[in-house]
Amino acid sequence: MSAATQTYTQAASAATDEQPLLTVRNLSVEYRTRRGIIKAVNDVSFEIYPNEVFGLAGESGCGKSTIALAVTRIHKPPAYITGGEIRFKGIDILAMSDEELRAFRWEHLSIVFQSAMNALNPVLTIGTQITDAIQAHLPMTKKEARQRGIELLNTVGIEPRRIDSYPHQLSGGMRQRAVIAIALALNPQLIIMDEPTTALDVVVQKQIIEEIHDLRERFGFSIMFITHDLSLLVEFSNRIGIMYAGEMVEVGPSRDIFNRPQHPYTERLMNSFPTISGPRTVLKGIAGSPPDLADPPTGCRFHPRCEVALAGICAETRPVLQAIGPRHLAACHLIDSRGGAQ
Amino acid sequence: MNGEAQPILEARNLTKHFTTGGAFSRAVVRAVQQANIRLYPGRVTALVGESGSGKSTIIRMLARLYKPTSGEIIFQGENILADTSRRALLRYRSRVQMIFQDPFSSLNPVHRVFYHLERPLRLHNKARTRKEVEEQVHALLHRVNLTPTAEFANKYPHQLSGGQRQRVAIARALAVEPLVILADEPVSMLDVSIRMGVLNLMASLRDEQNIAFLYVTHDIASARYFADETMVMYAGHIVEKADSETLIQQPKHPYTQLLLSAVPDPARGLRTADVEIVGEIPSLTQVGTGCPFAPRCRHAMDQCHRLMPPVTHLSETSWTRCFLYETAPESAAASAR
Numbered sequence: 004m005s006a007a008t009q010t011y012t013q014a015a016s017a018a019t020d021e022q023p024l025l026t027v028r029n030l031s032v033e034y035r036t037r038r039g040i041i042k043a044v045n046d047v048s049f050e051i052y053p054n055e056v057f058g059l060a061g062e063s064g065c066g067k068s069t070i071a072l073a074v075t076r077i078h079k080p081p082a083y084i085t086g087g088e089i090r091f092k093g094i095d096i097l098a099m100s101d102e103e104l105r106a107f108r109w110e111h112l113s114i115v116f117q118s119a120m121n122a123l124n125p126v127l128t129i130g131t132q133i134t135d136a137i138q139a140h141l142p143m144t145k146k147e148a149r150q151r152g153i154e155l156l157n158t159v160g161i162e163p164r165r166i167d168s169y170p171h172q173l174s175g176g177m178r179q180r181a182v183i184a185i186a187l188a189l190n191p192q193l194i195i196m197d198e199p200t201t202a203l204d205v206v207v208q209k210q211i212i213e214e215i216h217d218l219r220e221r222f223g224f225s226i227m228f229i230t231h232d233l234s235l236l237v238e239f240s241n242r243i244g245i246m247y248a249g250e251m252v253e254v255g256p257s258r259d260i261f262n263r264p265q266h267p268y269t270e271r272l273m274n275s276f277p278t279i280s281g282p283r284t285v286l287k288g289i290a291g292s293p294p295d296l297a298d299p300p301t302g303c304r305f306h307p308r309c310e311v312a313l314a315g316i317c318a319e320t321r322p323v324l325q326a327i328g329p330r331h332l333a334a335c336h337l338i339d340s341r342g343g344a345q
Numbered sequence: 271m272n273g274e275a276q277p278i279l280e281a282r283n284l285t286k287h288f289t290t291g292g293a294f295s296r297a298v299v300r301a302v303q304q305a306n307i308r309l310y311p312g313r314v315t316a317l318v319g320e321s322g323s324g325k326s327t328i329i330r331m332l333a334r335l336y337k338p339t340s341g342e343i344i345f346q347g348e349n350i351l352a353d354t355s356r357r358a359l360l361r362y363r364s365r366v367q368m369i370f371q372d373p374f375s376s377l378n379p380v381h382r383v384f385y386h387l388e389r390p391l392r393l394h395n396k397a398r399t400r401k402e403v404e405e406q407v408h409a410l411l412h413r414v415n416l417t418p419t420a421e422f423a424n425k426y427p428h429q430l431s432g433g434q435r436q437r438v439a440i441a442r443a444l445a446v447e448p449l450v451i452l453a454d455e456p457v458s459m460l461d462v463s464i465r466m467g468v469l470n471l472m473a474s475l476r477d478e479q480n481i482a483f484l485y486v487t488h489d490i491a492s493a494r495y496f497a498d499e500t501m502v503m504y505a506g507h508i509v510e511k512a513d514s515e516t517l518i519q520q521p522k523h524p525y526t527q528l529l530l531s532a533v534p535d536p537a538r539g540l541r542t543a544d545v546e547i548v549g550e551i552p553s554l555t556q557v558g559t560g561c562p563f564a565p566r567c568r569h570a571m572d573q574c575h576r577l578m579p580p581v582t583h584l585s586e587t588s589w590t591r592c593f594l595y596e597t598a599p600e601s602a603a604a605s606a607r
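So the sequence lines, in the order shown, correspond to chains A and B. One gets my numbering by counting positions in the first sequence from 1 and adding 3 to each. One gets my numbering by counting positions in the second sequence from 1 and adding 270 to each.
Keep in mind that the hints were calculated from the coordinates and are not lab data. Check before you lean on any hint, since a few could be wrong.
[Unchecked claim] Think about it this way: if two alpha-carbon atoms lie no more than 25 Å apart in a straight line, the pair counts; the simulated DMTMM-like pairs of lysine to aspartate or glutamate are: (1) Lys396/B / Asp477/B; (2) Lys287/A / Asp535/B; (3) Lys287/A / Glu348/B; (4) Lys287/A / Asp477/B; (5) Lys287/A / Asp259/A.
Full structure from sequences and hints, please.
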């Protein structure tokens, strides 16, 4: 295909011998609206390896949730996948029939969304919802499925007696635990978590994150973790992909992304939020606003807000992701002019 | 410094109980109990707490949107709750302004930015002629960095980004030349990259126009950045107050310690909380007479379940409500006052 793909594939494979669990290659997704075509995800590539937390960061409207929907193929019109590949252990997700897809979801890959209240059916008990999910995929009797349900609730720290509770009888944190229990029901290898703790208070968030961390150590699944909370993302993820206006601008180990960001957007973003430790410095944020994706800027989509944009290049040519360190890639013309990472 | 300066706005033992339910299921929600707050010119005071802790109820009482169940609100030395006339309310609002969390619903979608700024100017007689109004609208837009001002004055709210809308809301608050701004989660709905711009703008208003701010937030890291002093609220009670940096580096109240150990910190990476997290926030209809945090507190003693600890002063500028510190030697002098 294009030179961009080659650069990316070479860089990614050079960094590791491990086979990725999920491979997303040149994915494009658009929303066909009355206002026109919105290119929500444009030519995005990344992979998720076994036993890692891959964080996807960016501001609202940058396309991170659209990616989550596309990867699980639960996107609905007006969203359309217009190009690229999504493979799970080499199997083409985009080519799966509806039946294959149904079996694939939950068994290999499951999803936890932000609002646990909406993810759970309010008129069914937690127990019914877990046993339904189990019985839909495994040949178990009702009694066996219920027993497994109790075990699962126990795993996520919910007392067994709660199995007969309705969602509204549980606190927000407890509901989110129940959703995680359902996501774990069939031992998937990858769980997509889209803002799983955003609606929760920070103390409850900490409990849930620790719970997820322990579960991952026990079961070894990978997580695609989506959040707008950069402190949490850096703390919890092994690797991070930074998105801007529908494009992946930088991918790398979270320590490097936080301490040595290479893309100007990442660099400014990492200097946009205060933390509770370290020196108190003046944080500037980023001037301007993210672009309208119905009419995105030419060249690098960040160039209108970029203070170090190069005249004659950044507004004209779209930069491609290129390797700048072990498993560290960034899409910025400055990297060429700097001759790679320091 | 605090010892000499007079607070411009003060809450004394401010309490708010809501009654909910019908004839047979009546319950009293003790949203805020005995809150004491002092705001000073040119200082930002943060009020930090989780949802349902009562921080929004306090700010709404101070904005006179809720009537307190008991307690006093003293503005420039006067108890403002005594006079409930419309004239008195208008006079108060011309000095104390509020900024809301949601810039998408606090602006009227059918009116241009110009109208939103013109209205308070005329209502509070800050400008009379068309020319005066125009001049002041442009000055306000300039003050909040919405330039070119002529262009922004003509826009409708839907044509603005979240950050720009919040700047319009700030400009509207500034129109009456307030002495106090009550800001209820002013940046929590904005994108990360534009939050700092709005906080920095408010910090410049504090520094250059000597405005007193009450900054209500659930984000203690932003309180550290923006606020001079921080108060922590739990289940209707303010449990600790100190200079922001002191509070974050040396939290005293066990709840503040719990809260800080739960805040994600990218510099230190994921680790288990220093403080074991047990239980959840109590229902505010079932709070007893003791410390609301006692059921979750690893230091809880007998008396904690029976009595709400009094205020113990730890220094000139800091205090906590916890029996663990009641016998601390520093407190003797302060409590004797």
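Hint check results:
Only pairs whose Cα atoms come within 25 Å are accepted, and Lys396/B paired with Asp477/B is accepted, the gap being roughly 23 Å. Restraint check for Lys287/A and Asp535/B: satisfied, since their Cα atoms lie roughly 19 Å apart, inside the 25 Å limit. With a C-alpha separation of about 39 Å, the suggested pairing of Lys287/A with Glu348/B is violated against the 25 Å cut-off. Of the supplied pair hints, the one linking Lys287/A and Asp477/B holds, its CA atoms being roughly 17 Å apart against a limit of 25 Å.
Taken as a hint, the Lys287/A and Asp259/A pair is honoured in the structure, with Cα atoms around 21 Å apart against an allowance of 25 Å.
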